[in-house]
Amino acid sequence: MTDPSGAVGSGRERQEIQAVPVRHPGRWVAVAVLAVLAAMLVHTVVTNERFGWDVVGQYLFSAPILNGLRNTLILTVLSMLIGIVGGVGLAVMRQSPNPIVSGAAATYIWLFRGTPLIAQLLFWNFLAALYPRLSLGIPFGPEFVSVDTNVLITQFAACLLGLGLNEAAYMAEIVRGGLLSVDRGQAEAAGALGMTRSQALRRIVLPQAMRVIVPPTGNETISMLKTTSLVVVIGYFELLTSAQRISNQNFQVIPLLIVAAFWYLVLTSLLTIGQGFVERRYGRGFVPDRPGSRLLTKAGTT
Amino acid sequence: MTPMVEASGIHKSFGRTEVLRGIDLVVQPGEVCCIIGPSGSGKSTLLRCVNHLERIDAGRMRVDGKLIGYQETGGKLHELRESEVARQRRDIGMVFQRFNLFPHMTAAENVMEAPRTVLGTSRAAARKAADELLARVGLSARRDAYPGQLSGGQQQRVAIARALAMQPRLMLFDEPTSALDPELVGEVLDVMRGLAADGMTMLVVTHEMGFAREVGDSVVFMDEGVIVEEGAPRDVLSAPRHERTRSFLSKVL
Ligand SMILES: Nc1ncnc2c1ncn2[C@@H]1O[C@H](COP(=O)(O)OP(=O)(O)OP(=O)(O)O)[C@@H](O)[C@H]1O
Ligand SMILES: [Mg+2]
Numbered sequence: 002m003t004d005p006s007g008a009v010g011s012g013r014e015r016q017e018i019q020a021v022p023v024r025h026p027g028r029w030v031a032v033a034v035l036a037v038l039a040a041m042l043v044h045t046v047v048t049n050e051r052f053g054w055d056v057v058g059q060y061l062f063s064a065p066i067l068n069g070l071r072n073t074l075i076l077t078v079l080s081m082l083i084g085i086v087g088g089v090g091l092a093v094m095r096q097s098p099n100p101i102v103s104g105a106a107a108t109y110i111w112l113f114r115g116t117p118l119i120a121q122l123l124f125w126n127f128l129a130a131l132y133p134r135l136s137l138g139i140p141f142g143p144e145f146v147s148v149d150t151n152v153l154i155t156q157f158a159a160c161l162l163g164l165g166l167n168e169a170a171y172m173a174e175i176v177r178g179g180l181l182s183v184d185r186g187q188a189e190a191a192g193a194l195g196m197t198r199s200q201a202l203r204r205i206v207l208p209q210a211m212r213v214i215v216p217p218t219g220n221e222t223i224s225m226l227k228t229t230s231l232v233v234v235i236g237y238f239e240l241l242t243s244a245q246r247i248s249n250q251n252f253q254v255i256p257l258l259i260v261a262a263f264w265y266l267v268l269t270s271l272l273t274i275g276q277g278f279v280e281r282r283y284g285r286g287f288v289p290d291r292p293g294s295r296l297l298t299k300a301g302t303t
Numbered sequence: 005m006t007p008m009v010e011a012s013g014i015h016k017s018f019g020r021t022e023v024l025r026g027i028d029l030v031v032q033p034g035e036v037c038c039i040i041g042p043s044g045s046g047k048s049t050l051l052r053c054v055n056h057l058e059r060i061d062a063g064r065m066r067v068d069g070k071l072i073g074y075q076e077t078g079g080k081l082h083e084l085r086e087s088e089v090a091r092q093r094r095d096i097g098m099v100f101q102r103f104n105l106f107p108h109m110t111a112a113e114n115v116m117e118a119p120r121t122v123l124g125t126s127r128a129a130a131r132k133a134a135d136e137l138l139a140r141v142g143l144s145a146r147r148d149a150y151p152g153q154l155s156g157g158q159q160q161r162v163a164i165a166r167a168l169a170m171q172p173r174l175m176l177f178d179e180p181t182s183a184l185d186p187e188l189v190g191e192v193l194d195v196m197r198g199l200a201a202d203g204m205t206m207l208v209v210t211h212e213m214g215f216a217r218e219v220g221d222s223v224v225f226m227d228e229g230v231i232v233e234e235g236a237p238r239d240v241l242s243a244p245r246h247e248r249t250r251s252f253l254s255k256v257l
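Protein chains in written order, with this note's numbering: chain B, 2 to 303; chain A, 5 to 257.
Because the hints were derived from the structure by calculation, they are not lab data. One or more hints might be untrue.
[What the hints assert, rightly or not] Which stretches of chain A does chain B cover? Using the computed rule of at least three CB atoms under 8 Å from a CB of chain B, they are:
no.	segment
1	91 to 105
2	147 to 161
[Stated by the list, open to error] Far from chain B, some chain A residues (derived; all Cβ distances over 10 Å):
no.	residue
3	Glu10
4	Gly19
5	Pro33
6	Ala62
7	Thr110
8	Glu117
9	Ala118
10	Val122
11	Ala128
12	Arg140
13	Gly142
14	Ser182
15	Gly198
16	Ser242
17	Pro244
All residues carry an ideal CB built from backbone N, CA and C; glycine is no exception.
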């Protein structure tokens, strides 16, 4: 099969394209409007003394704020951990062929998504009113250890239970969606190779489901950063509470809100960057959506 | 000699529709048995019953003399535990119409996965075996490519290598070339031809009559959940005894 006109790419001159690009006057108008608005914003932020930038600078790295920041971080990380582990467990239970097991998971999700988080936090905090002592033993049989509920469920523990168990219910649905997004043929191929269901889940199905699970989990984590401020209802404190405690004393409400917002934005930015890394990790082998991204290629293939 | 596959009186229903209605089939070791038949006749279902991807309702399925999915003790059938079914499947390779490669792993990782996870083979040993298998299917150069970067024919050859990595005694093929562009069919059939020449026992659902005629030791024609006719390829394909076989062949040839 040879080209009758001779070798390809030779003979005729290349005709470069030198066209006048399409103009977009609308875009220039939009850019001008945005530029003016941005300039106005910067101007007022700098010149309006009531922003109290000196107060912001004074409290940004103060001990109570950093303490609150630390609590926000600890609560977010630990409750997301509980939420993710619990969510994976619930999602797997939800898919169980045993109706009792899947029903139990569905009931949990229904209960924890269906009641206000504040109510759940208060419930865990006042568990002692319901059960003054908690014990470990054989059901309806002898007890081995027994402790005062108020000793075991500290304020901090109540925060983690409230935030983590509630998050697990939401994460369960996210994970379930991820599992459902993986073609059934994948688990079948794994089974045909002699893998057990749990091996197939761990090695084949979950890694592929992660692609779908990670973005909403990033959402949940960023949302959790701010949801932790609800722990104030049971007397615990974190970033926003610390800021408010200070402004209750010095009446500098706006500057302290700016302090809190600053740290929330820092944490959110870090999480967004982290999410990018995780997404790249689980995007391995999948055709990239973004042009120019080279997730797929390895060792110079294609 | 114990047959490699011995199906007797297999029945299987999905809800109220009975898809397999009493299948008897024997495949000897080293034999290549091709299953042909119209769409919906139950060919895939039968294949999936051999490795217990589908649970049969009645009859007995034996592979290499061993009952699949059950254990018979004292005249009573006991269902096997999941881990025991998984153990039985190690010896039965399966190749799917839509390849079902693991998209998040490279070709070599696909082939290494089951030996590593199921048998606990060392990384180095699994790697070496994978390299040999990929060479056997002519894909050494593409070992680090992801399935999404391979053509259909290449993906199916990786899938065959992946199944062979478990050193199965029996290979099941469910229309391995039906999802391929015509020009890619040949490379997959070549690999299967090589396998057959090496003495692998194969149960192949296919629409490739040329392959069945040339490579098959026996051909089985299925229709509406029963085996209508079976025998040597030249008999079934060239001189079918049943009207249904004749009318099917006249449509596909
Ligand atoms: N999981 C299932 N649930 C319900 N019905 C099913 C299921 N799997 C198969 N069937 C039905 O069983 C019948 C036989 O299906 P099967 O896939 O075995 O046919 P086949 O001979 O392989 O057809 P094809 O050539 O189209 O692949 C079909 O009518 C199909 O709709
Ligand atoms: Mg089929």
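Sort out which numbered hints this structure fails and list those numbers smallest first. Those not satisfied are hints 7, 8, 9, 10.
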